[in-house]
Amino acid sequence: MNCMKQITLLIVILLLLTGCWDKIELEKRAFVYGVGIDLAEEQSSSKSSKIKLTSQLIVPEQLVTLSGGGSGPAYRNLSATGDTIINNNRETLKQTSRVTDVTHLRVILFSEDVIKQPNLFKEHIDVFLREKDMRRGMLIAIASGKAGDLLSVEPEDEKLPSHYIGELLEIRGNIETVESIRIGDIQEKVLQQESFTLPQLKKLEPKIIDYEGIAVYNGRKAQMVGTLKGDEAKGLNIIIEEKNTGTLNIEVDGKVAAIELLRIDHKFQLENNDPSNLQFKINLKVNGTIAEQYGNQDVMKEEVHKKFEIELKEKISELTEKAVEKLQKDYMTDVLGLGTYLHHYHPKLWEQMKNNWEIGENYFSKSKITFDIDVLIERPGTINKTSDGSRFR
Amino acid sequence: MKPTLTHGFISDRDIMITVTTNIIGITTLTFPRIIAEDTSAADGWVPILIGGCIACFLAWLIAKIASSFPNQSFFNFTSYLLSKPIAVIISVLFILHFILVSSYQVREVSVLAHQYLFDKTPIQVISLSFLLVVVYGVAGSRAGIFRLIVLFYPTVIVGLLLLTLLPIGLFKLENLLPIFQTDFEGYLRASYSGVHVFLGFSIILFYIEVVKEPKNTPKMAIKGILIAVIFSLFLFLVCVGTFGNATTSNLFFPSFDLSRAVEIPGGFFERFDVIVFVIWTMILFTTTLISFDLVILLMMMLFKKANKMKLIYFLSPLVFLLSSLPVNYIELTTIGRFLSNSMLFLIILITILLGITYKVKGGNQN
Numbered sequence: 002m003n004c005m006k007q008i009t010l011l012i013v014i015l016l017l018l019t020g021c022w023d024k025i026e027l028e029k030r031a032f033v034y035g036v037g038i039d040l041a042e043e044q045s046s047s048k049s050s051k052i053k054l055t056s057q058l059i060v061p062e063q064l065v066t067l068s069g070g071g072s073g074p075a076y077r078n079l080s081a082t083g084d085t086i087i088n089n090n091r092e093t094l095k096q097t098s099r100v101t102d103v104t105h106l107r108v109i110l111f112s113e114d115v116i117k118q119p120n121l122f123k124e125h126i127d128v129f130l131r132e133k134d135m136r137r138g139m140l141i142a143i144a145s146g147k148a149g150d151l152l153s154v155e156p157e158d159e160k161l162p163s164h165y166i167g168e169l170l171e172i173r174g175n176i177e178t179v180e181s182i183r184i185g186d187i188q189e190k191v192l193q194q195e196s197f198t199l200p201q202l203k204k205l206e207p208k209i210i211d212y213e214g215i216a217v218y219n220g221r222k223a224q225m226v227g228t229l230k231g232d233e234a235k236g237l238n239i240i241i242e243e244k245n246t247g248t249l250n251i252e253v254d255g256k257v258a259a260i261e262l263l264r265i266d267h268k269f270q271l272e273n274n275d276p277s278n279l280q281f282k283i284n285l286k287v288n289g290t291i292a293e294q295y296g297n298q299d300v301m302k303e304e305v306h307k308k309f310e311i312e313l314k315e316k317i318s319e320l321t322e323k324a325v326e327k328l329q330k331d332y333m334t335d336v337l338g339l340g341t342y343l344h345h346y347h348p349k350l351w352e353q354m355k356n357n358w359e360i361g362e363n364y365f366s367k368s369k370i371t372f373d374i375d376v377l378i379e380r381p382g383t384i385n386k387t388s389d390g391s392r393f394r
Numbered sequence: 036m037k038p039t040l041t042h043g044f045i046s047d048r049d050i051m052i053t054v055t056t057n058i059i060g061i062t063t064l065t066f067p068r069i070i071a072e073d074t075s076a077a078d079g080w081v082p083i084l085i086g087g088c089i090a091c092f093l094a095w096l097i098a099k100i101a102s103s104f105p106n107q108s109f110f111n112f113t114s115y116l117l118s119k120p121i122a123v124i125i126s127v128l129f130i131l132h133f134i135l136v137s138s139y140q141v142r143e144v145s146v147l148a149h150q151y152l153f154d155k156t157p158i159q160v161i162s163l164s165f166l167l168v169v170v171y172g173v174a175g176s177r178a179g180i181f182r183l184i185v186l187f188y189p190t191v192i193v194g195l196l197l198l199t200l201l202p203i204g205l206f207k208l209e210n211l212l213p214i215f216q217t218d219f220e221g222y223l224r225a226s227y228s229g230v231h232v233f234l235g236f237s238i239i240l241f242y243i244e245v246v247k248e249p250k251n252t253p254k255m256a257i258k259g260i261l262i263a264v265i266f267s268l269f270l271f272l273v274c275v276g277t278f279g280n281a282t283t284s285n286l287f288f289p290s291f292d293l294s295r296a297v298e299i300p301g302g303f304f305e306r307f308d309v310i311v312f313v314i315w316t317m318i319l320f321t322t323t324l325i326s327f328d329l330v331i332l333l334m335m336m337l338f339k340k341a342n343k344m345k346l347i348y349f350l351s352p353l354v355f356l357l358s359s360l361p362v363n364y365i366e367l368t369t370i371g372r373f374l375s376n377s378m379l380f381l382i383i384l385i386t387i388l389l390g391i392t393y394k395v396k397g398g399n400q401n
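Heads up: the protein sequence lines correspond to chains R and S, in order.
Read in my numbering, the first sequence has 204 at position 203, and its numbers run on one by one without any break.
Read in my numbering, the second sequence has 155 at position 120, and its numbers run on one by one without any break.
Any given hint could turn out to be false.
[To be verified] Result set (DSBU-like, lysine-lysine): computed pairs, CA atoms no more than 35 Å apart in a straight line:
no., chain 1, residue 1, chain 2, residue 2
1, R, K123, S, K339
2, R, K323, R, K367
3, R, K286, R, K147
4, R, K208, R, K282
5, S, K254, R, K230
6, S, K340, R, K369
7, R, K51, S, K155
8, S, K207, R, K355
9, R, K244, S, K207
10, S, K207, R, K6
11, R, K123, R, K268
12, R, K367, S, K155
13, R, K203, S, K207
14, R, K230, R, K307
15, R, K190, S, K207
16, R, K117, S, K207
17, R, K282, S, K207
18, R, K6, S, K343
19, R, K349, S, K155
20, R, K133, S, K155
21, R, K133, S, K207
22, R, K330, R, K314
23, R, K6, S, K339
24, R, K53, S, K155
25, R, K268, S, K207
26, R, K230, S, K207
27, S, K207, R, K323
28, S, K207, R, K314
29, S, K254, R, K29
30, S, K207, R, K222
31, S, K207, R, K286
32, S, K340, R, K123
33, S, K207, R, K95
34, S, K155, R, K24
35, R, K327, S, K207
36, R, K330, S, K345
37, S, K340, R, K6
Honestly, the hints are just simulated from the structure, not real lab data.
Please model the entire structure based on the sequences and the hints provided.
Here it is as structure tokens:
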């Protein structure tokens, strides 16, 4: 009797231990590493615009490490056209022998056309936040031209275009680039209808992608309104970035010199309470070092050092004013974070004007922004000067 | 008044740990959202504190009354204070409540596992296997349950500390601003939800019978609640600081998403959510164990001659059946809210009833 009981128990246990329903072997999975979202060429008359999704799948056999391995391409790009992203993704399943797996998705590229349409960007990041396998650390970037094209740019030293893009977005040291933007940070901004910046990339040559500039996204209009490039991008970055710094060229006594910015501290201050004529003062504390100089000044001299600082200060105020003017007059979009600053430190005032900040009355564009720049050149580098004009004249 | 035969076997420390563990149950997954919905920025810490204080006060009252009847069962001292028929009614209400709580938790843990881990495994299979382990736990001695809770405690605490400490790199102090911008109504509503978070202390009513030194129980209950309050405050602030208020009130399980947001370089810990899931399952397992055990405990008080194993055999299918009744997440949330409200109602009812009669009749007289 007892024996019978034990045997039945064992059989029941055997049934329960048949294995896992959800088992998918590693070699049956196709890891998506990057996706590009474009507008479809032919648009139907339906309510939403059709989009084209390009997903980059990893071919693990060709990939021993992320930058080396077999001879063939280490990726496969699949695209499909339709209304929703997830549906497009399922569409690509028709063309693949593996199940797509998004747990390692790293980069999401939106084409300029998509993000310039009102609301389209907002609608299409939903799935990346809703899907349970998606991580909150995925990077977002804008592509000038077709996003799908960027996913086939294969440089010599990388096997995976999306890995290349991901690394490129995280490189620091150039003041024209912003800190990489994670989708988790975007969610809060989209919910709050705040404006924000996104990196904008462009295919430069068949094998090179270039960081073109900083795209400006208006939270109220829910669309991208423009791109800051060159000097404007530098000016914006000096105001908003803390860790990502780079070099600036200045001119001292007719000779060019480059200053490496080490750290920028910024502080906003509101000087009055009149909504129609707000006055902001932005305190910038810039810490730098001399990186290059073409002239032959003796940088150990107090007055030369002063000159460098004054020139740097002027350069910074020129750049920042340029950027602010562009944002206030042309784009009417506050990516400086002044609205957020008001919300955090002057909530009562913000409550009155939050609906007229970037639209309607446009208080942001009407406000006056002044700078208080504090420059400190801390170190001269390791040498004093390379050319010495005075000694052998 | 005969003292019951069971002698106290759980120490002061054990009851404190049990209170904390039972509070850090299912609500911990969702409460940052519920609190953040009604408050602005990080103001939710006020309602959490208020909720915690109210819970402490109620717990102290209940424990004070219950501990004046050392080593007597809940049924014994309620029938002494409130007369037998009312004690029976209250016990039946609690039994129904805890049966529903058990099946709700079984369902909730399987929904979570289904959603995040195995989406092709039938949900009934997950709940059945979970329930079987719970039944195994309940079938043993009560001392074993407490030992298990104490055993799990360090793991749970370390895991939850990690959960709140690891996102520190993503934490932005700015997200906590502006302060005190919530209106009065918001505070009121959030405080009401805040009390619900800490209702897990109700178990002291029933377990006081097995406590070695009931004298210290009120103090221990408050200590247990305070640990949970501090942890909840911490977790809430980390959630709001990491996600921002708007995102926190938009995520269904903010505490769990916290672990998904964490990215630590180095491969293994990159998927921290897996470890957090193990810890959640442990927590939910212990709380389900407690509520199932309370059903048995209360039923044994009512039917003195009942056989424990027979009761379990009768109850387990019932719990399983009830757990598979809700068809979608909307019904499940409604049930969750109902159970939370009914717990509050029962606790306030019993506090008032016992409080008044205790004042009139006085404490234990033998």
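Looking at the structure, which of the earlier hints fail to hold? 1, 3, 4, 5, 6, 10, 12, 19, 29, 32, 33, 36
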